[in-house]
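Below, each chain spelled out in residue letters.
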Amino acid sequence: MIPTKFAYEAPTSVEDALRLLGEAGDEGKILAGGMSLIPVLKLRLAGPEVLIDLGKIEDLRGIREDGDALVIGAMTPHHVVAHDPLVEQHAGLIAAASKTVADPQVRHRGTFGGGLVHADPAGDLPAPALAMGAEFVVAGPGGTRTVPASEFFVDLFTTAVGEDEILTHVRIPKHTGWGSSYKKFTRVAQQWSIVAVAATVRVENGTIAEAQIGLTNMGSTPIRPAAVEQALVGVSLDEAAVAAATASVAEGTTPPSDTNGDADYRRHLAGVLTKRAVLTAAGA
Amino acid sequence: MANTPISVTVDQVTYEDDVEPRTLLVQYLREQLGKTGTLIGCDTTNCGACTVHLDGQSVKSCTMFAVQADGHDVTTIEGLAQDGDLHPMQQAFHEKHALQCGFCTPGMIMQSIALLQENPNPTEQEVREGLEGNLCRCTGYQNIVAAVQAAAGAGSAAGTQSEEGAA
Ligand SMILES: Cc1cc2nc3c(=O)[nH]c(=O)nc-3n(C[C@H](O)[C@H](O)[C@H](O)COP(=O)(O)OP(=O)(O)OC[C@H]3O[C@@H](n4cnc5c(N)ncnc54)[C@H](O)[C@@H]3O)c2cc1C
Ligand code: FES
Ligand code: FES
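Taken in sequence, the protein lines are chains A and B.
Counting from 1, one number per residue, gives the positions in the first sequence under the numbering used here.
Counting from 1001, one number per residue, gives the positions in the second sequence under the numbering used here.
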């Protein structure tokens, strides 16, 4: 399957990429790792006239510390994020989730930013980013703005990044010393999440001091169950106590029904996986 | 629309070419360079038959444009043997009879080499997870896993890339 014809641009700076994107107007599309976009182009579900490849912009790659945050470049491949020592130390949840994306070949090409902007409800990066309170640095014709995670995921496959904008970096507040776990439920290899739960937890004197949680594929956008996070504060590392605090996690959610499971099955899974993710993250 | 000039090294030979931007890397390898050792199975990023190395890392060449390989180094299954000697991973697949029809084999071997580079001493479970993106309809995977483990046991050479790229 061959895509429709397009012109190809490979700028070496964000400024040039923004200019090319502006010139292309409605007909331009950003190409990152291509692991979601190229299959779409091959199926001819989209046919942009200009592809603007971010692959040659060095500034968009890599991971660095900036005070109390980690800054991850949008074009950093999943494989690099998954094995980076800084991510492991300060944002273990992001490393854990990145390891579960697709398969090794896809992780070598697919990017952290692409997985977030693509905003597939079953994608594995949005819920951990939401749970950790990430901030999204977005460059556009009018300059750069920062979008909090709570405003970034707008709908199915839709984020706050406009047609004429580029996600350049993601700032993740350091969670040094927190435990983390990403419980992804699938039935066959290389599958997208049927449901997944992201949890990062800080334990103090044998009880949970803070918990941050994100749900994957429990609605059109990732969900942060604030009531459950509150209920977990002060809970001991005991299975029954954690189960009681997390039992209501699926309340008010509207997960999809499909051949992998109906909505009730997904709600049940969310409860089981939240309990397991919190216990694992807490080291229990 | 205009063709795009690219300079790409494939199996240690550098090519300067003009390609249509929508040309897939696998198409370029097979149709323009005649390297038909790299196969197209699913054409949907699932089966791994088209796996090649890009700067030493495994990628699915059906889901990349040739223009994206500009300035990079590609190794295909055809670049592994040196002076008629099979690469240790090819040898292990041969000895363990890790194939039946052979269609998945080029991709399996390329991914297996990448796997051992990242994890030189994998457990059986780690081998299976490392080959998650490669499908085989014939073998049931048993002998493929055995071949990778044999290659790992045979030493570090199995995870090296012959004289690929700058390695
Ligand atoms: C077989 C297979 C299995 C997969 N399984 C999973 C899985 O289990 N979990 C999972 O999370 N993902 C999965 N994926 C998707 C994979 O994670 C992709 O890498 C990711 O969704 C998109 O990232 P990309 O860099 O490839 O982006 P692309 O495909 O290049 O782009 C995706 C979209 O985002 C836009 N975009 C990308 N980057 C930017 C940016 N910086 N600024 C503005 N717009 C941008 C593009 O214009 C495009 O619309 C799978 C993919 C395949 C092929
Ligand atoms: S042909 Fe590329 S993954 Fe199947
Ligand atoms: S040997 Fe036939 S597909 Fe693997």
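Honestly, I wouldn't trust all of these hints.
Unchecked claim - Ranges of calculated distance between the beta carbons of each label pair, as one might list FRET restraints:
| hint | chain 1 | residue 1 | chain 2 | residue 2 | range |
| --- | --- | --- | --- | --- | --- |
| 1 | A | P148 | B | H1094 | 54 to 62 Å |
| 2 | A | E58 | B | G1153 | 34 to 42 Å |
| 3 | A | R145 | B | C1101 | 51 to 59 Å |
| 4 | B | N1121 | A | H268 | 56 to 64 Å |
| 5 | B | E1126 | A | G62 | 25 to 33 Å |
| 6 | B | P1120 | A | E163 | 43 to 51 Å |
| 7 | B | N1121 | A | E15 | 42 to 50 Å |
If you're looking for bench data, these hints aren't it; they were derived computationally from the structure.
The structure displayed is predicted, hence computed values, not measured ones.
Virtual Cβ for every residue (Gly too), placed ideally from N, Cα, C.
| field | Numbers of unmet hints, in rising order | value | 4
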